[in-house]
Amino acid sequence: MDNTTHFGFKDVATKDKQNLVRGVFDSVASKYDLMNDVLSFGAHRLWKRYTIASSNVKTGDKVLDIAGGTGDLAIAFRKKVGESGHVILSDINAAMLGEGRKNLINKGVFGVDFVQLNAQFLPFADNTFDCVSIAFGLRNVTDKDQALAEIHRILKPGGCLLILEFSKTDSEFLKKFYDFYSFNVMPALGDLIADDKESYQYLAESIRKHPDQETLKNMVLDAGFGFCEYHSLSGGIVALHKGIKV
Amino acid sequence: MQHFALEQALNYLIQTGAINLKPLDGKTIRFSLKDLPLDVNFICTNDRIFAVSDTGQHSDVNISLNAGVFFALFKGEDLTDLLRQDKIVTHGDVKTAQLLVDMLQSVDIDLEEVLSQYTDDIVAHGVGKIAKNFKQVVQNSSNPIDAIKDGLSKLMITPVVSKLYKNKHH
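In order, the protein sequence lines correspond to chains L and G.
Residue -11 is where the first sequence starts when you use our numbering, and the numbers rise one by one after that.
Residue 101 is where the second sequence starts when you use our numbering, and the numbers rise one by one after that.
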């Protein structure tokens, strides 16, 4: 068993990655939403809207949002499932979960439960959820295969997994622009707005280390999902993978 | 992207009760139109339909047909007759295919009612009137695609105008 993994472009001991990622998100939690809006020019809201529309979630469903951070998806899911449904907003990071709780209260959204958890060890019974989402979180998980297997376990038959994550663009022009933007502009903006250059350097590096669309699709199928398809968004900068448990 | 639109439309019909999915629960149907770029797996499960482009996986039945034959099914043509005439190619469980056809033929929506939630009543009434005539037009036409084209042209040439709207600008 290989006991090292990547943290951005660095190789680190597997057991250390979780704490390193925690450090990043402890640092960026309070400015997370602002930075998302600035760095993506607001596009993250469209990507998330598309994710919600693709979820097929309906009244009465049980939904788990992993790495839910400040709660954008949880708020939208809460509206879809109604009073008879159940939404859990989860994150491994207490600071992010705290921001999520604050955000939901400020927006007058109630009836969402908050759980601090590690995606590799989900504390739920088999066949519990109609939908599990993870937006911009999977690339930070140490053992992605284990997390996908856990998600498969807790989904009901017919349940749907949604992974919204940075991915790979096929366009050479876009790739050059995106590389320049990621490694030069993003850390600089992180320094300027959040006083944290290193976290946004890690963000750029972690995106490059994340599996491409096809690789992630195969990982989802290997985890036991009967079907998986992906939709590349914004030229492939982001992809939405949708897995169905049959 | 057409899968996304199909999925949204079908699940809307399920939610409004226009489609009863129960008989197809647990079934996966691969559906392809030979003359149009549509090749999709319909996964009927958990009281909803997923329409996915991933067609590499197992399906209960594969149905392949031309768009014209699809409209023939929609207007009530018998599946067995179309199978005998080789107008539809199926591989797998024909009973599942029959259940899908039954479901298609039972679709009954009041488009006017649905649209009025999103547009004003005049527009909803205009489109609803066309939709109400749609099934009848398809049933009476030997070439349903031409009938649809004619209907759309008519809509473009004679758009519905509200008197109230006119008054606002005079």
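I should point out that these hints are in silico values taken from the structure, not numbers from a laboratory.
Predicted, not measured: the structure shown is a model, and the values here were computed from it.
Beta carbons are placed, not taken as given, at the ideal position from N, Cα and C, and that holds for glycine.
Hints may contain errors.
[As the list claims (entries may be wrong)] Here are the simulated DSS-like cross-link-like pairs (lysine-lysine), alpha carbons at most 27 Å apart as the crow flies:
(1) Lys175(G) <-> Lys134(G)
(2) Lys68(L) <-> Lys175(G)
(3) Lys132(L) <-> Lys144(L)
(4) Lys156(L) <-> Lys19(L)
(5) Lys132(L) <-> Lys3(L)
(6) Lys46(L) <-> Lys67(L)
(7) Lys144(L) <-> Lys36(L)
(8) Lys46(L) <-> Lys134(G)
(9) Lys144(L) <-> Lys122(G)
(10) Lys175(G) <-> Lys67(L)
(11) Lys185(L) <-> Lys36(L)
(12) Lys164(L) <-> Lys36(L)
[Said to hold, decoys possible] The calculated label-pair distances, taken between Cβ atoms and stated as ranges, are:
(13) Leu8(L) <-> Pro137(G): 45 to 51 Å
(14) Ala167(G) <-> Gly70(L): 33 to 39 Å
(15) Lys164(L) <-> Asp139(G): 33 to 39 Å
(16) Lys122(G) <-> Thr(-7)(L): 32 to 38 Å
Which numbered hints turn out to be false for this structure? 2, 8, 10, 16
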